[in-house]
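Undergrad: Chain by chain, the residues run as shown.
2 protein chains.
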Amino acid sequence: MTRFEPRQKLWLEADGRLVMSDYRLRLLQLVADTGSLAQAAAVMGLSYRRAWGKVKELEANLGFPLVRSEVGGAGGGHTELSGEGRNLLDAYRRFGQRMEEALQAAYREELSPLERCPENPPPGT
Amino acid sequence: MTRFEPRQKLWLEADGRLVMSDYRLRLLQLVADTGSLAQAAAVMGLSYRRAWGKVKELEANLGFPLVRSEVGGAGGGHTELSGEGRNLLDAYRRFGQRMEEALQAAYREELSPLERCPENPPPGT
Numbered sequence: 010m011t012r013f014e015p016r017q018k019l020w021l022e023a024d025g026r027l028v029m030s031d032y033r034l035r036l037l038q039l040v041a042d043t044g045s046l047a048q049a050a051a052v053m054g055l056s057y058r059r060a061w062g063k064v065k066e067l068e069a070n071l072g073f074p075l076v077r078s079e080v081g082g083a084g085g086g087h088t089e090l091s092g093e094g095r096n097l098l099d100a101y102r103r104f105g106q107r108m109e110e111a112l113q114a115a116y117r118e119e120l121s122p123l124e125r126c127p128e129n130p131p132p133g134t
Numbered sequence: 010m011t012r013f014e015p016r017q018k019l020w021l022e023a024d025g026r027l028v029m030s031d032y033r034l035r036l037l038q039l040v041a042d043t044g045s046l047a048q049a050a051a052v053m054g055l056s057y058r059r060a061w062g063k064v065k066e067l068e069a070n071l072g073f074p075l076v077r078s079e080v081g082g083a084g085g086g087h088t089e090l091s092g093e094g095r096n097l098l099d100a101y102r103r104f105g106q107r108m109e110e111a112l113q114a115a116y117r118e119e120l121s122p123l124e125r126c127p128e129n130p131p132p133g134t
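These protein sequence lines are chains A and B, in that order. Okay, so the first sequence: first residue is 10 according to our numbering, each after it adds one. Okay, so the second sequence: first residue is 10 according to our numbering, each after it adds one.
Just so you know, these hints were derived from the structure itself, not from any lab. Because the structure is a prediction, the values reported are computed rather than measured. Just to be clear, a hint being listed does not mean it is correct.
The list makes no distinction among identical chains, and a pair is therefore deemed to hold if it is satisfied within one copy or across any two copies.
[What the hints assert, rightly or not] Here are the simulated SDA-like pairs of lysine to any residue, each with C-alpha atoms no more than 20 Å apart in a straight line:
1. K65 x E79
2. K63 x A114
3. K18 x Y32
4. K18 x A114
5. K63 x R16
6. K18 x R117
7. K18 x D31
8. K65 x T11
9. K18 x R35
The shape of chain A in the complex, shown without the other chains (with noise of 0.2 Å):
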């Protein structure tokens, strides 16, 4: 049979630039469960370097702090997410919760009906 499988991206962007993506998603709920960039950055498979640039680059397109750092203390620096930032991540999983279902209901309706069983089916199936 000819299954069909819908696929989408989704990222937001704000005057054409990226403010926010899945990826970036993750990297930042990593940021919020681990309580560090470098944590969140070793679990993607990022350099510490480029896992800040990334989060520094959203920050600049959006104009607010998606973390707070503190450095130094007992147990070495600390990140969490901004008020804003939880905000916007909050905001952006229920956005893509939605469009998962509207994917799956798009596709039901408009492209189901055309899957087709095999002409010739091997046998025994």
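Knowing the structure of chain A, use the given hints to seat chain B on it.
TA: Chain B alone, transformed into the frame defined by chain A:
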């Protein structure tokens, strides 16, 4: 004001292989409109060979023909969509329209509440 622009890219796979995308929809729609793969390719800025390759790749992945060609004759060759090709294009176009509507709705409900007016608007606005 930080005004967000939601963006999406859609495509369709079967068994992990590309069978339709917005770009290929446009190419095939131009074939239907002009009756000529050469003209469709020219409008898209593609070589004939490259446009032909894109159509044949989709057909191989789908397992059925998207276009039918007649060679030669008084006005040169003629290419038109197959019945199955027409059905797939129509369904994919409706799928894309639904997803565009879903994108705007999801943006409006989840992301637009985060948009802010500038704290210091320029004089005269």
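Undergrad: Starting from the hint list further up, note which numbers the structure goes against and sort them upward.
TA: 2
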